[in-house]
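Undergrad: So you can see what is in the structure, the chains are spelled out below.
Protein chains: 2
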Amino acid sequence: MTGFRSSSSGISRRRALFATAATATGAASAISGSLAAVQPLAIAPGSVLLFQGDSITDAGRDRNQPAANHAAALGRGYPMLTAAAVLAEHPQLNLKVLNRGISGNKVPDLEARWQADCLDLKPAVLSILIGVNDIWHKLNGKYDGTPEVYRDSFAALLQRTREALPNLTLVICEPFVLRCGAVNDTWFPEFETRRAFAEQVAKEANALWVPFQKKFDEAVAGGTAPNYWAADGVHPTPAGHALMAQTWRAVVGI
Amino acid sequence: MTGFRSSSSGISRRRALFATAATATGAASAISGSLAAVQPLAIAPGSVLLFQGDSITDAGRDRNQPAANHAAALGRGYPMLTAAAVLAEHPQLNLKVLNRGISGNKVPDLEARWQADCLDLKPAVLSILIGVNDIWHKLNGKYDGTPEVYRDSFAALLQRTREALPNLTLVICEPFVLRCGAVNDTWFPEFETRRAFAEQVAKEANALWVPFQKKFDEAVAGGTAPNYWAADGVHPTPAGHALMAQTWRAVVGI
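Top to bottom, those sequences are chains Z and R. When you read off a place in the first sequence, starting at 1, and then add 24, the result is the number in the numbering used here. When you read off a place in the second sequence, starting at 1, and then add 24, the result is the number in the numbering used here.
Keep in mind the hints are simulated off the structure, nothing from the lab. Don't be surprised by glycine CBs; every beta carbon is placed ideally from N, CA and C. A portion of the hints provided could be inaccurate.
Stated by the list, open to error - Sample of chain Z residues with no beta-carbon within 10 Å of chain R, all distances over it, derived:
1) Ser71
2) Ser79
3) Lys146
4) Gly169
Unchecked claim - Pair ranges (Cβ atoms, derived):
5) Z:Glu242 x R:Asp256: 40 to 46 Å
6) Z:Asn118 x R:Asp256: 37 to 43 Å
7) Z:Glu214 x R:Asn230: 53 to 59 Å
8) Z:Gln63 x R:Lys227: 51 to 57 Å
9) R:Lys227 x Z:Gly247: 55 to 61 Å
10) Z:Glu216 x R:Asp256: 31 to 37 Å
11) Z:Lys227 x R:Asn191: 52 to 58 Å
12) R:Arg87 x Z:Phe212: 36 to 42 Å
With these hints in hand, go ahead and build the complete structure from the sequences.
TA: This is the structure we're talking about:
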């Protein structure tokens, strides 16, 4: 399991094992501002790739189906799109892809189920997208965690994860919203504060950073209506999930 | 709607409107034996792209959801994977992607619902994958249609479709099986006969031909176990669906 890992770095950049479609098509070059240069990720055969998060990650998955690489268990979102493409292009890796996102989750919800739903699964690659409910539920009066609580509890979760899984490749996804649907001016500037905290936490944890907000902003700047990518401003359409999957693969290098 | 169409050809090859990711990555060059050279498909904004077929196309879709581009309505298979990628890469086209595959369907089942589930939807691009139940149900003693019945009824369905939708881009997908699970020696050589009939019917209808069997055969020849692509020999895994989506896009040129 450790044969491919670089001892010269505490973070998850490894020597090249295979080239990726994303890199080959130049998709990677469209990503700027990420924490790490894009390069292929080396990963040991049989490794577990785990997606964690809220409803955006959950994406309608069958939570009664624990099996890896199972269509219904992967949901209908970016984890499924990413898994299907990676599994098709790299059959020799025999990867085990799991989705454990749960709709409505905030950082404290991840904390409460982290041992069973993350650490016990022993992922080699862990991707986390969390934060939109931490503000949304606060705006709705159902939660009182401040941006600082989000930052500090998220950082503590990553610290706990690093200690339990020291060789982990950690991928933190940028929380994002589109300015439509449920997302109105009351979300700002607090959402920006939280987004910046997520990036800070990712950097301090030596995680790869997947700039979803940046990519959606670019897509909207290109002339597409925000609701083309997320009808309610929060939950992506299939097009939005595909943009996320492409961005994720370009950053992670698989 | 007809501005992009070439009057010099009765089939659906149009002048280039946009380049495709599949072409750019060289994926197209891996496809040989298709009926048409790979080139970008020109398609008018707002066009309907319809996927038709059996359970492989259905892939767990919500049949109570008729909306285009809807995650649950698209299912968990190659139509979803294709739709998500195409919608993300070509937002300016404003495509309406529909899935009307129904589990268990054979050619006569398509015939019975063709007016409502195909012609009335006025697709600009129609993709059909049908044939595995036509033999499977016969092997199980639940149906008595011969390969010639499959060929002739499939051809008649396409003729009816061409007459109703003369400007249609027609895409016929190769029926395929993997040699594992439910697929044993009793399927052969009849399955090969039916597969060849499908190709003949597609050619006579001036359809694009998507060589799924050929691609799966290549994948298995590359050293991957057949059940990696379709656990029961018939229904693809996420990896299998992704291979199909990549193949489909490379041939169709979108």
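Undergrad: Now tell me, hint by hint, if it's right for this structure.
TA: Results for each hint:
no.: 1; hint: Ser71; result: 15 Å, holds
no.: 2; hint: Ser79; result: 12 Å, holds
no.: 3; hint: Lys146; result: 21 Å, holds
no.: 4; hint: Gly169; result: 29 Å, holds
no.: 5; hint: Z:Glu242 x R:Asp256: 40 to 46 Å; result: 42 Å, holds
no.: 6; hint: Z:Asn118 x R:Asp256: 37 to 43 Å; result: 19 Å, violated
no.: 7; hint: Z:Glu214 x R:Asn230: 53 to 59 Å; result: 58 Å, holds
no.: 8; hint: Z:Gln63 x R:Lys227: 51 to 57 Å; result: 45 Å, violated
no.: 9; hint: R:Lys227 x Z:Gly247: 55 to 61 Å; result: 40 Å, violated
no.: 10; hint: Z:Glu216 x R:Asp256: 31 to 37 Å; result: 49 Å, violated
no.: 11; hint: Z:Lys227 x R:Asn191: 52 to 58 Å; result: 54 Å, holds
no.: 12; hint: R:Arg87 x Z:Phe212: 36 to 42 Å; result: 40 Å, holds
Checked against the numbered hints given earlier, the structure breaks hints 6, 8, 9 and 10 and satisfies all the rest.
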